[in-house]
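Chemist: Start from the sequences, fold in the hints, and give me the full structure.
Protein chains in written order, with our numbering: chain A, 1 to 305; chain B, 1 to 375.
Don't take each hint at face value.
Unchecked claim - With a straight-line cut-off of 25 Å between C-alpha atoms, the simulated PhoX-like cross-links for lysine-lysine are: (1) A:87 with A:182; (2) B:16 with B:226; (3) A:87 with B:356; (4) B:356 with B:20; (5) B:20 with B:226; (6) B:20 with A:87; (7) B:244 with A:300.
It should be emphasised that the hints constitute simulated quantities derived from the structure, not laboratory data.
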Amino acid sequence: MNIEFIADLIRAALIAATPIALGSFGGLFSERSGIVNIAIEGMMLTSAMVGAFVAASTGSLFLGLVLGLTSAGLMAALHALVSIRFKTDQIISGTVINFLALGLTGHIYQVYLADLPDNWPGFSTFPQIPIPVLSEIPFIGKAFFNHQPLVYITIILAIVIHFVLFNTPWGLRMRAVGEHPKAADTVGINVYFTRYANVIIGGLLAGLGGIWLTLEFVGQFSINMTAGRGFIALAALIFGRWTPFGAYGAALLFGFFGAVALRGQSTSGAAAELWQILPYALTIVVAAISRPIPPAAVGKPYEVE
Amino acid sequence: MTTNDEKQEVKEGIVKRSLKQMIVPILAIVTALAIGAIIIMVTSGSLAEGAGKVVDGYGGMLYGAFLKPNGLLNTLVATTPLILLGLAVAIPFRTGLFNIGANGQFLIGALVGTIAGIYLPLPPVIHAIVVMACGFLGGALWGFIPGILRARLGAHEVINTIMLNFIAVGIVNYAVREVFRDPNTTSVRTYYIQESAYLMRLSGRFNLGFFIAVLVAILIFYYLFKTTWGFSLRTTGQNPNAAKYAGIRPTWEYVIAMMLGGGLAGLAGIVEVQGLDRFLTEGNTSLGFTAIAVSLLGLNHPLGIIPAAFVFGALRTGGDYLQIRAGLSVHIVAILQALILLFVAAPTIVRWYLDKFKIQVSAGEETTISQGWGG
Chain A
1 MNIEFIADLI RAALIAATPI ALGSFGGLFS ERSGIVNIAI EGMMLTSAMV GAFVAASTGS
61 LFLGLVLGLT SAGLMAALHA LVSIRFKTDQ IISGTVINFL ALGLTGHIYQ VYLADLPDNW
121 PGFSTFPQIP IPVLSEIPFI GKAFFNHQPL VYITIILAIV IHFVLFNTPW GLRMRAVGEH
181 PKAADTVGIN VYFTRYANVI IGGLLAGLGG IWLTLEFVGQ FSINMTAGRG FIALAALIFG
241 RWTPFGAYGA ALLFGFFGAV ALRGQSTSGA AAELWQILPY ALTIVVAAIS RPIPPAAVGK
301 PYEVE
Chain B
1 MTTNDEKQEV KEGIVKRSLK QMIVPILAIV TALAIGAIII MVTSGSLAEG AGKVVDGYGG
61 MLYGAFLKPN GLLNTLVATT PLILLGLAVA IPFRTGLFNI GANGQFLIGA LVGTIAGIYL
121 PLPPVIHAIV VMACGFLGGA LWGFIPGILR ARLGAHEVIN TIMLNFIAVG IVNYAVREVF
181 RDPNTTSVRT YYIQESAYLM RLSGRFNLGF FIAVLVAILI FYYLFKTTWG FSLRTTGQNP
241 NAAKYAGIRP TWEYVIAMML GGGLAGLAGI VEVQGLDRFL TEGNTSLGFT AIAVSLLGLN
301 HPLGIIPAAF VFGALRTGGD YLQIRAGLSV HIVAILQALI LLFVAAPTIV RWYLDKFKIQ
361 VSAGEETTIS QGWGG
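Modeler: Right under this line is the structure:
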């Protein structure tokens with residue numbers, strides 16, 4: 001265990017935490033406003049595919065980012081429409097979104113992306129952005145200050161979301177419709193609008209997690225590449241008690257397990273599979289012991305009178 | 001005479017009611033196929049090419065699922081686990097719980113049963129039955145955990161079953177790769193179970209499993225609707241408070257429902273091993289998610305689940321011919337599954353567009369099963 005190895009581990013944990021945290025922020029906006037979201041996985045997968053598709057066909061990372069986020073936002077809008085307008089069971093709606101995303105991305109991959117046309121420009125992932133001066137510090141620089149953009153952006157987002165959630169009227173309305181929609185309705189908050197808006201914002205954030213997969217991490221799309229990250233994000237959200245800092249902390253912990261799992265086989269001898277189940281097992285244990293309290297109205301359709 | 005007339009009337013009433021109940025599932029399937037066709041056309045080169053692909057693709061699915069030699073039997077093979085998994089979702093639904101952990105229960109059941117199949121020295125028939133029982137127990141254990149956590153601590157079963165799905169994948173992968181791996185082959189799988197634990201194959205891959213699944217569905221129907229135990233279970237789902245006043249313990253019913261559901265998912269897992277591969281491989285399954293659609297399409301009724309599982313079994317079996325006949329990807333099947341689930345779960349959508357086109361049909365009530373994370 002030398003210091004280089006530890007720096008490397010921290011670095012890997014920060015990277016692995018990024019999509020998990022983004023996914024859980026996506027879930028946070030949805031669930032804080034009263035809509036259960038087990039469709040984080042599907043939203044991430046959608047934006048990962050669309051982002052890679054657009055970036056590879058146009059050569060523009062920016063266009064890939066914008067349209068990728070839009071596609072995840074559309075999936076979220078569908079989840080919101082089915083849950084709010086048609087008052088369908090929100091867990092079933094989430095299951096539908098996950099299936100739909102898996103099928104649509106798989107189908108489009110097979111039709112357009114399995115063999116990339118030669119005349120497509122393709123793309124390379126977001127560049128590394130070393131923070132001046134700080135990245136030169138030994139150990140700390142490598143671990144914390146020499147990352148690709150979404151790693152930094154996610155940390156900034158945690159702070160911004162904390163501020164929005166607890167210190168702005170928008171955040172207050174969001175929490176109000178998630179805890180007691182009727183009371184919110186009585187004081188003139190538009191429950192439907194608030195829920196639609198926050199579910200869609202959540203979709204964009206989860207979508208950013210999908211963008212991380214293709215445009216920042218891997219550089220291309222493959223079928224079902226989210227591989228359960230959307231569900232780990234859900235675990236992080238619950239583990240972090242529906243707060244942005246809590247969710248980020250949990251994502252970091254889970255990211256650390258993931259990083260250890262990758263290196264575990266060579267160093268400790270413990271099987272990678274067993275490290276991989278640790279986040280899920282911990283979530284069950286912690287949820288059983290500490291009994292995190294979800295937003296009171298989450299999962300219940302609301303009828304404006 | 002009058003009693004006969006009355007009986008006749010009641011009979012007609014039942015037929016009418018069942019027909020009415022079937023409207024939503026049938027409309028859901030038709031709508032899903034129509035939207036699927038649109039998706040195929042949009043993602044084809046031209047409209048004519050797209051239309052051709054739809055005809056070839058859907059025609060191919062019909063051929064693959066029913067008409068081709070052994071097609072129907074293959075569909076029944078694919079139907080088998082879906083019947084058991086559909087029941088695994090439906091029974092907890094009936095108590096007001098949402099079991100989206102059928103994947104994990106399926107895997108753990110398959111693992112426990114496979115171990116019993118490899119190592120227990122038992123005579124034929126008895127061995128096969130014991131192995132099935134072990135599969136059931138493995139799945140029941142995996143259902144017990146979220147059940148007891150819900151009953152004792154109020155922890156939400158949806159979260160816990162999602163987590164347990166992933167834990168099951170980890171455990172099974174570890175067991176298959178590191179513990180029970182057959183060293184005599186390069187493919188990653190366990191040893192074969194003993195022949196005494198096989199479920200007999202009747203033709204091709206078609207085996208006794210199908211009859212076991214149908215029998216179990218009938219038994220569950222009897223249990224749910226003809227016994228006091230089943231009555232308690234259903235009452236808990238309809239109104240936990242009323243159940244409490246009637247002397248039923250809802251928490252106890254939660255544990256029973258999750259164990260029974262988990263057990264049947266585990267049985268699905270081990271029956272697949274005993275009837276088809278005869279060994280266990282690594283990897284995940286998504287059949288448990290399909291099972292949610294099966295349960296809803298079958299109106300959460302054990303006897304409705306049999307035809308619903310058949311529909312999804314046909315989709316899975318015919319799906320290969322999307323590719324063979326029309327060059328389409330099997331992913332279309334996932335899209336169709338999603339759409340069918342959407343339209344059975346939200347009949348309000350179907351009703352809304354029927355209203356738009358001024359078609360008069362009464363299309364069922366919306367389903368709200370889960371009660372959010374809080375319970």
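Chemist: Does the structure keep residue 20 of chain B and residue 226 of chain B at a Cα separation of 25 Å or less?
Modeler: Distance ~24 Å between residue 20 of chain B and residue 226 of chain B Cα, so the pair holds.
Chemist: Taking only the CA atoms, is the gap from residue 16 of chain B to residue 226 of chain B under or equal to 25 Å?
Modeler: It holds: about 23 Å lies between the C-alpha atoms, which stays within 25 Å.
Chemist: Within a Cα-Cα threshold of 25 Å, do residue 244 of chain B and residue 300 of chain A meet the stated pairing?
Modeler: 23 Å, holds
Chemist: Holds or violated: residue 87 of chain A and residue 356 of chain B, Cα atoms, limit 25 Å.
Modeler: 19 Å, holds
Chemist: For the pair supplied as a hint, residue 356 of chain B and residue 20 of chain B, is the alpha-carbon distance within the 25 Å limit?
Modeler: Holds: residue 356 of chain B and residue 20 of chain B sit about 20 Å apart, inside 25 Å.
Chemist: Quickly compare the C-alpha distance for residue 87 of chain A and residue 182 of chain A to 25 Å and report which way the hint goes.
Modeler: 16 Å, holds
Chemist: Does residue 87 of chain A lie within 25 Å of residue 20 of chain B when you go C-alpha to C-alpha?
Modeler: Status holds; Cα separation ~22 Å.
Checked against the numbered hints given earlier, this structure breaks none of them.
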